[in-house]
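Could you build the full structure based on these sequences and the hints that come with them?
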Amino acid sequence: MAHVSGDWNPLGEVFYRKLELYSMDRSWQEIAELKKFKVAAAPYGGPIALVRDESKMTHVRGGTRPTIYIYTSSGREISQFRWDSGKLLHMGWSSSEDLLCVQEDGTALVYDIFGSFKRNFSLGQEARDTKVVECKIFQGYVGTGLAILTGSYRFFVINNIDEGHSRKMVEVPGLDCPPSSWGIICRDRHTQILLAKEKQLFLVDYTDAHEQALETRSPVNAFIEMAVSFDNRLLALFADTGLLWIGSSDLQKVYCEFDTKSQVRPKQLAWCGTGAVVGYWENLLLVIGPHKDWIKFNMDSDAYLIPEVDGVRIVDTFTHELLQRVPVVVEEIFKIGSMAPGAMLFEASKEFQKESQRADEYIRMVKDQLPLAVDQAIEAAGCEYEPATQRMLLRAASFGKCFLTNMGPEKFVNMCKLLRVLNSVREYHVGMPLSYEQLKRLTLPVLIDRLILRRQWCLAMHISRFLKLPEADGESRILGHWACYKVLQKHIADEKIAQDIKSKLDTAPGIAYSEIAKKASECGRTQLAVRLLEYEPRAAEQVPLLMTMRDQKVALTKAIESGDTDLVYLVLLQMQETMPMGDFLMSLRNQPMAQSLFMQFCREQKPSLLSDLYYQNDDFQEMANCQVAESFKMTEFQHKADKLNGAHDNYTKARNEFAAKATEEQNRLLGYQRRLEEQYKVAFIGKSLHNTMHELVSKNMGKLAEQLRKEFKVPDKRFWWLKIDALANSGDWIELEKFAKSKKSPIGYEPFVEVCMNHHNKYEANKYIGRVAAENKVKMYIKMGSMEEAADLAFQQRSEEDLNQVMRHCLGNRALTAKIQSMKSQLAAKK
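For the record, in the sequence shown the residue sitting at position 473 is 473 according to the UniProt record's numbering, with numbers rising by one throughout.
In case anyone wonders, no lab produced these hints; they're calculated from the structure. Source: prediction; values computed, not measured. Glycine is no exception: its CB is placed at the ideal position from the N, C-alpha and C atoms. Incorrect hints may have been included.
Each computed DSSO-like pair below joins lysine-lysine, with the alpha-carbon atoms no more than 30 Å apart [said to hold, decoys possible]: (1) Lys417 to Lys496; (2) Lys38 to Lys18; (3) Lys681 to Lys653; (4) Lys762 to Lys743; (5) Lys633 to Lys713; (6) Lys18 to Lys36; (7) Lys713 to Lys703.
Simulated restraints on C-beta separations [said to hold, decoys possible]: (8) Arg167 to Asn9: 15 to 21 Å; (9) Ala774 to Ala829: 41 to 47 Å; (10) Thr635 to Asp716: 29 to 35 Å; (11) Ala829 to Asp716: 42 to 48 Å; (12) Phe117 to Glu77: 14 to 20 Å; (13) Arg167 to Lys253: 27 to 33 Å.
Written out as structure tokens, the structure is:
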């Protein structure tokens with residue numbers, strides 16, 4: 001136990017330890033004189049970026065462009081690239097491990113870890129005009145954020161760099177020079193800036209700037225450095241007098257005020273998890289706890305602090321270390337004299353390995369707390385970095401489990417799996433020194449993503465298989481990313497890459513070849529993209545990409561083969577927009593299904609295109625149909641006539657004599673209507689023959705209606721119905737009566753009664769009831785409301801059915817109902 005706790009340092013009632021993660025690679029050691037560099041390191045064991053700090057260089061050649069180096073946490077070089085843009089002010093890492101480089105002119109450039117440029121965005125016009133003075137990159141509630149201070153001493157914040165929209169914070173009263181210090185606090189889905197204007201503190205957001213009252217026991221002139229904890233709940237303020245104030249980020253709680261005895265600004269001030277603050281001065285590292293306890297470490301070379309959720313990483317020219325509070329469960333097991341269940345179980349395991357009977361004594365001491373002891377040993381194994389210590393603790397947990405019959409293996413097995421994963425990614429050649437606590441927050445899917453990002457395909461595959469991740473989330477996704485990288489290798493022939501990708505991905509389920517083909521298309525390898533799309537079984541994925549590649553004929557063929565009409569429409573509409581109309585219509589001639597769908601679309605959305613399509617196919621019948629339909633939509637006489645003449649010619653070509661004759665008659669009718677309009681100043685053009693005659697009768701122009709009847713050979717019955725309705729509508733009852741007496745009605749006289757009653761004119765209806773056929777008289781009496789007459793007539797005609805019909809219409813008339821009942825009885829008796 002002594003060797004485990006030997007390097008622990010007490011800080012009040014807790015302990016801190018400094019673990020060496022890596023001895024840095026030679027490529028790092030050769031250039032990483034950190035005092036000459038700007039450093040940006042990503043949390044969760046992420047990469048480290050270096051660029052020479054020109055403000056600290058005494059001899060700089062004019063026009064020399066600096067180089068940005070990117071390393072793993074173990075000091076292995078990932079990439080380097082020449083910075084050839086504007087003046088670089090600040091660097092930082094996003095949550096997706098993209099390198100953000102902010103220029104003095106307010107432009108932010110985004111690179112991947114291999115130094116490939118991805119995109120840029122602007123921080124606003126004011127930043128461009130007045131320049132950026134200071135910048136901070138932070139992890140907010142919606143992603144990676146960016147805050148800047150401009151030359152006009154105003155703050156602008158982007159909460160999510162993927163959206164790229166900056167918002168101006170409220171101006172701080174009287175701020176006419178850079179603040180002595182400032183930091184970002186993200187609380188309750190709200191981003192705020194805490195700034196110190198000498199000893200005054202202001203909390204600034206988008207709506208207000210509040211001065212914060214903060215009383216200190218000793219006088220302070222200015223707060224010159226501040227640090228916000230990883231979880232944004234704690235705050236440390238360093239004053240020019242050497243005072244270090246530690247409290248809550250809302251300034252409501254004070255944990256301690258510690259005199260550092262140094263009026264020199266620390267090179268860095270950072271939180272070590274949430275339990276202590278670390279100040280770094282030249283050759284000195286000071287760890288201060290919330291109860292004024294402290295630990296001092298001497299530093300041999302310049303270093304850089306990287307805050308983590310459970311500690312702080314310290315990287316210098318030669319080593320990379322982790323300073324953290326000793327986890328509680330580890331402390332309980334390895335603390336000298338500990339009587340915790342886990343400690344007793346660990347001792348029992350050690351004695352058992354020595355084949356000593358004392359193992360039994362230790363087990364008996366914790367027999368009632370054995371489940372807790374096993375859990376502590378498992379949890380402590382996860383907190384350790386050294387594999388030998390992990391094995392000892394897991395061996396102790398396994399030993400304790402032997403005495404428990406009702407304890408499942410899941411926790412033990414899961415910890416073994418996670419430790420194998422953690423030890424694999426901590427390997428020197430990978431260089432991701434994740435702790436168990438960090439992995440829990442980062443999650444396994446994100447870890448797989450970061451391995452993919454580093455092109456650690458093999459390790460990512462092994463981990464996904466080992467953890468038995470679903471293939472769609474694990475192996476297939478990893479292979480998909482590998483294939484996208486493969487197509488970027490332009491020195492390899494298209495055919496070779498296509499074969500390699502097909503052989504690797506052939507058995508993997510859920511592979512989206514379209515995504516790989518899209519990547520190939522983006523980098524200019526069109527032929528490779530087409531070849532890869534041949535492997536894509538889903539037409540819905542194939543077709544859009546073929547369209548973007550302007551391979552529209554192949555896209556149309558694939559869409560038709562899929563049977564998906566929406567997909568066919570998608571291709572057709574793009575072809576229509578991008579191709580000359582003649583070429584487009586010609587291309588449909590050999591595709592009956594596509595042609596049929598496009599015709600349907602035109603009927604509903606663009607009827608004007610139908611004629612062109614039918615003309616292209618010499619379809620005279622449909623061309624004529626379109627011209628007739630178009631004629632009815634037009635209002636001008638000549639336009640209508642031209643369309644009808646064209647329709648007549650096309651019907652003739654199509655040998656449709658009936659339609660040709662009907663079109664000719666419609667054109668003649670149109671001529672009559674035009675003459676009527678010119679003569680009587682009444683709108684007729686566009687009306688049907690029926691409506692035209694109806695209008696003429698209504699306006700007392702019956703002779704003209706008769707001419708039309710003869711001209712167009714309207715049947716008598718139809719004309720009588722039309723004229724009766726028109727006269728009744730116009731209220732010309734005299735003319736209606738004359739018409740009834742002119743000759744025998746071919747449709748009977750029931751229509752006369754009906755039109756009169758439709759206009760509530762019973763008097764006129766009575767004139768025609770006598771001429772109604774006997775079998776319809778009862779019905780007409782009912783229509784007129786003459787129920788007594790209807791009943792009497794039905795009785796005379798000895799029709800029980802008509803009596804029932806009358807009775808149904810007079811249910812409210814008790815006397816008449818009784819009378820009808822009596823009539824029905826009499827008819828029944830006579831039978």
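Between the beta carbons of Arg167 and Asn9, is the distance compatible with 15 to 21 Å? Given range 15 to 21 Å: violated, Cβ gap about 44 Å.
Assess, step by step, whether the Cα of Lys713 is no farther than 30 Å from the Cα of Lys703, and give holds or violated. holds (15 Å)
Could you see if the CB distance from Arg167 to Lys253 stays within 27 to 33 Å? The hinted range 27 to 33 Å holds for Arg167 and Lys253, with Cβ atoms some 30 Å apart.
Whether the CB-CB distance between Phe117 and Glu77 falls inside 14 to 20 Å: With a Cβ separation near 19 Å, Phe117 and Glu77 satisfy 14 to 20 Å, so the hint holds.
Next pair to validate is Lys38 with Lys18; report whether the Cα-Cα distance is within 30 Å. holds (24 Å)
Does the beta carbon distance between Ala829 and Asp716 stay inside 42 to 48 Å, or does it fall outside? Roughly 47 Å apart at Cβ, these two residues keep to the hinted range, so it holds.
Given the hinted pair Lys18 and Lys36, is their Cα-Cα distance within 30 Å? Satisfied, since the Cα-Cα distance of roughly 25 Å is no more than 30 Å.
Is Lys762 within 30 Å of Lys743, Cα to Cα? holds (23 Å)
Given the hint that Lys681 pairs with Lys653, test it: the Cα-Cα distance must not exceed 30 Å. Outside the cut-off at roughly 38 Å; violated.
Outcome of range test on Cβ distance (Thr635, Asp716; 29 to 35 Å): holds (33 Å)
Pairwise hint evaluation, Lys496 against Lys417, where the allowed Cα distance is 30 Å at most: The given pair, whose Cα atoms are some 37 Å apart, is violated under the 30 Å limit.
Satisfaction of the hinted span 41 to 47 Å by the C-beta atoms belonging to Ala774 and Ala829: violated (24 Å)
The structure fails hints 1, 3, 8, 9 (numbered hints given earlier, in ascending order).
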